[in-house]
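**Q** Single-letter residue listing:
Protein chains: 2
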Amino acid sequence: MKGNLPDVHDFSERLKKGDRVTLGRAITYVESSLSAHQEFIQEVLNLIMPFTGNAIRIGITGSPGVGKSTFVETFGMHLISLGHKVGVLAVDPSSRQTGGSILGDKTRMMQLSTSKNAFVRPSPAGKTLGGVAQHTRETILLCEAAGYDIILVETVGVGQSETAVYEMTDFYLLMILAGAGDELQGIKRGVVELADMIVVNKSDGDNVSLAQKAKAAYTNALHLFPAKESQWTPPVLTASALKNKGIEAIWHQIQDYQQLVKENDYFKIHRQRQLLQWMEDAMHLEINSHFFSSEKLKKAIKKSKKQVLDLKITPFFAAKQMVLLFLQK
Amino acid sequence: MKGNLPDVHDFSERLKKGDRVTLGRAITYVESSLSAHQEFIQEVLNLIMPFTGNAIRIGITGSPGVGKSTFVETFGMHLISLGHKVGVLAVDPSSRQTGGSILGDKTRMMQLSTSKNAFVRPSPAGKTLGGVAQHTRETILLCEAAGYDIILVETVGVGQSETAVYEMTDFYLLMILAGAGDELQGIKRGVVELADMIVVNKSDGDNVSLAQKAKAAYTNALHLFPAKESQWTPPVLTASALKNKGIEAIWHQIQDYQQLVKENDYFKIHRQRQLLQWMEDAMHLEINSHFFSSEKLKKAIKKSKKQVLDLKITPFFAAKQMVLLFLQK
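Chains S and U supply the protein sequences, listed in that same order.
So the first sequence is numbered by the working numbering: it starts at 61 and just counts up by one.
So the second sequence is numbered by the working numbering: it starts at 61 and just counts up by one.
Accuracy of the hints is not assured; some may be wrong.
Since the list can't tell identical chains apart, any single copy or any two copies may satisfy a pair.
[Stated by the list, open to error] Derived EDC-like pairs (lysine to aspartate or glutamate); straight-line CA-CA distance at most 20 Å: (1) 363 with 253; (2) 389 with 355; (3) 77 with 103; (4) 328 with 227.
For the record, the hints were derived by calculation from the structure and aren't laboratory data.
Being a predicted model, the structure only gives us computed values, none of them experimental.
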C-alpha cells in the first residue's frame, strides 16, 4: 500500500538531522491529496511531534506593497548572521488565482532562498483557507523538527489569512507604511488589536519624518486597546528593510517578548490553546471533507437540489436528509 | 412525541392566513433547540415552501451609529402607507454579549413595531453566525408565507454579518454617513462592492453639503468596480431618515431594480443560487452539529486533547481519529 514511499522511521530520522531534501519531500507529502501520502506524513508528524515546538514562530502581516518580502529577506539574513536557522512559510489562500504572488517569486528573497540556513517555502496553492492553514501548521512542525529555530510566517494581508497566521504564531508583527493622510486608514482595527509589534517600514530618505509621525499616531492608537493577556505592551518601531535599518531593534524586542512570556507562562498557555484550536479546526475540515466527498451522497444531493429549486422542500430539510443518509449505518 | 405541539396542517394554514400569533410561535420554534420543535417547524417549512419567495428581500447594512434603525422605521412606515406588509429581521451574531443592541430595543422602531402591517423580530441570541443566518433565512420564508411582501434584513455592520445578509437578500443597501475626512474611510471595500445602492444618511441641516460631497466621492468610487452581473448600476442617494427626506426616491430605485432583474432573469438566477448556497451551508451546520454533539466522542476527544497537549500525537492525527470513530459503523 505504501508503494515507493520510504521507511517512516528512516525518513523521520533524516528529517530530524535537518536534511533539506527530506524536509522538502515531507512538505510535498503534506500538500499532496493522495491518501497514501497523507497517511505516511501523518505517521511522520506523530513521530517527530515530541521534537517540535522549540522555535519562535513569528507572524508577519501587512497590506500588499508594504514590503513584507524585502523585510523577510533582510530580517532573515540578520537572524542567520546571529547563528539561527530560519524557516519562511506563507499563508496565501488566493495563490492559485494570482499565480502565487507571495514567495512565488523567490527572486525577491534571493539571499535567503540560497542560504543553507534558511528554508523558504511558498504557500500551497489551490486550497481553501482552512486547507492552506492546516498545511502551514504541519509545515511549521516539520521545520522545527528539522532544526529551524525561527519560523517566519508571512500573510497576504487580505481576507482572513491574518487571523489564520495569528492562530499559528507566537508573535504577531504588523507592518505598515507611513501614509500621506490618516495613519490608521485602511488597516483593519482587528489586526492592529492583535499585533505584538507595529513596524513602520520604508522609513528612509524623504520618508523618515512621515514614518516618525505614523509611529506617534500608532503609539497613541495602541493605548486605546485593552491590556494584553500576555502582559506585553506592543511597541511601534520604524525600519527600512531595503536599507537594513532598524532590523536589530526589532529582533531585540522580539527577544524581550519571548523572555517575558516564558517567565509569566503565557508562552506555554498560548501554545496549548493553539494546539487545541488546531485540533478543533482539523476536526471541522476532516468531517466536512468526508461528508462532501462521499460517493454515496452525490446522486442524492443532486436530486435534493432539484427539489429545492422546485420549492418542493426547504434547503434546510434537504440538508438534514443528506446528513441522515450520510450517517446511516 | 409531538407533545402539545399543534397540528402541522392547521398551523401552516393559520400561518398562511397571516395570523401574527402563529407567525411569532413559528419563529420561536425556528430558534428553539428542542428537537421536537425543530422537527415540527421543518415540516411546517416544507408545507409553506411553495408559498414563499414572493417578497422582495432588502438587506440593510452600515456601521453602528449610521442610523439603520431610524431608517428602517421611516422606510418601513412609508412602505406600509403604500399598502405593503413589512417584515423586519436582523442578523446580529453578537447580540448575546451586547444584550441585543439591534432591534433589542423596539422603542427605536416605535411606530413600526406597533403597526399591524409590520412584523419586527430581533436577531436570535447566543448563536454562531451560521446559526443566526440559518434562523433568519427560515424566518424570511415564514414571513413570506404569512403575506409580508417586503422583508428588511438589518445587519450590525461588523464582522461577517454583512456577507450573511447579502447571501439572503435580493437587494443590498449600504448606509453611510458623510465624514469629515476621507469619504471611503472605515467602510470595507468588499461591502461597497456588493452594494446595490448607497444611501448617505443624516443629510439634513448643516450636514447637507457634506452629504453631497460624500455622494460625489462614492459615485466616483463605484465607477472603479466592475459592472454587476445584474446589469444594475448602483446609485448613490442622500437621505435623512429622521426628517423623512429622500425615502421615496430610495423606494423608486429599488422598484426600478426589481423591474430590471425580473426582466433580465437575474432575479430568478440569483434566488436559485441562494437556495443552493443555503442548502450547502445547512449541510455544513448539520454535519458539524451531529459531530460536535456526539456523546460517543466526548470522552475520546477529552483523552485525545490530553495526548495532543503532551505532544504524543499531532492535533491533525487526533482529529482524523475522532472522525473515524464518529463514522465507525
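**Q** With 20 Å as the alpha-carbon cut-off, assign the pair residue 328 and residue 227 to within, between, both or neither.
**A** within (14 Å within a copy, 40 Å between copies)
**Q** When no copy is specified for residue 363 and residue 253, does a C-alpha distance of 20 Å or less occur within a copy, between copies, both, or neither?
**A** neither (47 Å within a copy, 34 Å between copies)
**Q** One pair to classify: residue 389 and residue 355, alpha carbons no more than 20 Å apart. Within, between, both, or neither?
**A** This pair counts as both: shortest intra-copy Cα distance 15 Å, inter-copy 17 Å.
**Q** At 20 Å max between alpha carbons, let me know whether residue 77 reaches residue 103 within a copy, between copies, both or neither.
**A** This pair counts as within: shortest intra-copy Cα distance 18 Å, inter-copy 62 Å.
When the structure is compared with the earlier hints, a violation turns up for hint 1 alone.
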